[in-house]
Structures are given as structure tokens and as C-alpha cells.
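Number of protein chains: 2
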Amino acid sequence: MSKSIFYHAGCSVCVSAEQDIVNLIGSENVEIVNIGEVRGRISEAETAGVQSVPALLTPNGNVLHLNFGASIADVKG
Amino acid sequence: MSKSIFYHAGCSVCVSAEQDIVNLIGSENVEIVNIGEVRGRISEAETAGVQSVPALLTPNGNVLHLNFGASIADVKG
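Top line first, the protein sequences correspond to chains A and B.
Every letter in the first sequence is one number past the one before it in the numbering used here, and letter 2, counting from 1, is 2.
Take any residue in the second sequence, count from 1 to its spot, add 100: that is its number in the numbering used here.
Isolated chain A, as found in the complex:
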């Protein structure tokens, strides 16, 4: 895995953090996934260790949870 993955759920906190991350690391280095819309990827995010969104999964498999937007439980509910 060479790209980071930014998981979000469309919330305002998520959108703001997404813009910051894209500015910082470049849009070509990050895949943006809205798990509020692409619900089939919620389980992938959970398996990676994402507990809340927005969150950035780094290429080496670490999860950086950013400014709290919503818990995964809220996104699923």
C-alpha cells in the first residue's frame, strides 16, 4: 500500500480535515473514501483500526484519528 486512505462521512469536520490533508500530502497520495456513502467499505475501515472519522490510514498501516467528527458506530447506525 503506497497511498494513504482518508476515511470520512461527509460531515463538516471531515470536509475541513480532508482539505487540510490534501493540501499537506497531495491529492495524488491519498484516496478519499466516504464511508457514509460507500458503506461496503465500513468494515474495511474498522479492520484497519478506524474508530471515528475523519481518519487517515497511513501507508504503513497506522491510523491517525483527526478532529473528531463521528464515531464508526454513528456512521453505521
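No lab work stands behind these hints: they were computed from the structure.
Everything numeric in this text was worked out from a predicted model, so none of it was measured.
Note that beta-carbon positions come from the ideal geometry of N, C-alpha and C, so glycine has one too.
Keep in mind that the hints are not guaranteed to be accurate.
[Stated by the list, open to error] Under 10 Å between C-beta atoms, here's a sample of chain B residues computed to sit facing chain A:
1) SER102
2) ILE105
3) ALA117
4) ASP120
5) ILE121
6) ILE125
7) SER127
8) PRO159
9) LEU166
10) PHE168
11) SER171
Mind docking chain B on chain A? Use the hints.
Same frame as chain A, but now just chain B:
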């Protein structure tokens, strides 16, 4: 301001996040400040909007709070 500033307080969560951020955006693009040691910069961090560490202040002035390590109040206490 062209560099980001990564504020931390030496905690294990902070060190892990620091490594991720340096890997993602490059050490030349971020100043690392340990406000547990350089206490004169706590007020600067607070003014920038940092509420907990680790946190990344982006070049455009936004604050990304990362995986919660410690509140600013705890660092001051």
C-alpha cells in the same frame, strides 16, 4: 508561515503520530515542538487553537488534533 508545526508533549501517542506525520509530509515541512519541554510555547499553541496534543498546525492556520494524547491543561498542570 510555510511550514506546519507539530505540537506534542513527549507521550507515546505523540511520538507515534510524529513519526507518521514526518513520513507523510517530510521532516523539512514540519517544525516539531515539544511543549512539555519548551513551555514558553504553550501559549503560542493555545492561541493557534491547539486544545490537545499531538496536534498539527497547518500552514494556513488550521489545527488538526490527532490521536488524543494529552490535553493542554494536563501539559500545563
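So, going through the hints one by one against the coordinates:
1. SER102: Violated, about 12 Å.
2. ILE105: violated (12 Å)
3. ALA117: holds (6 Å)
4. ASP120: Check passed: Cβ of B:ASP120 comes within 5 Å of chain A, closer than 10 Å.
5. ILE121: Where the cut-off is 10 Å and the nearest Cβ of chain A is about 8 Å from B:ILE121, the hint holds.
6. ILE125: holds (5 Å)
7. SER127: violated (13 Å)
8. PRO159: holds (8 Å)
9. LEU166: holds (5 Å)
10. PHE168: Check passed: Cβ of B:PHE168 comes within 8 Å of chain A, closer than 10 Å.
11. SER171: violated (14 Å)
Violation of the numbered hints given earlier is confined to hints 1, 2, 7 and 11; the remaining hints are satisfied by the structure.
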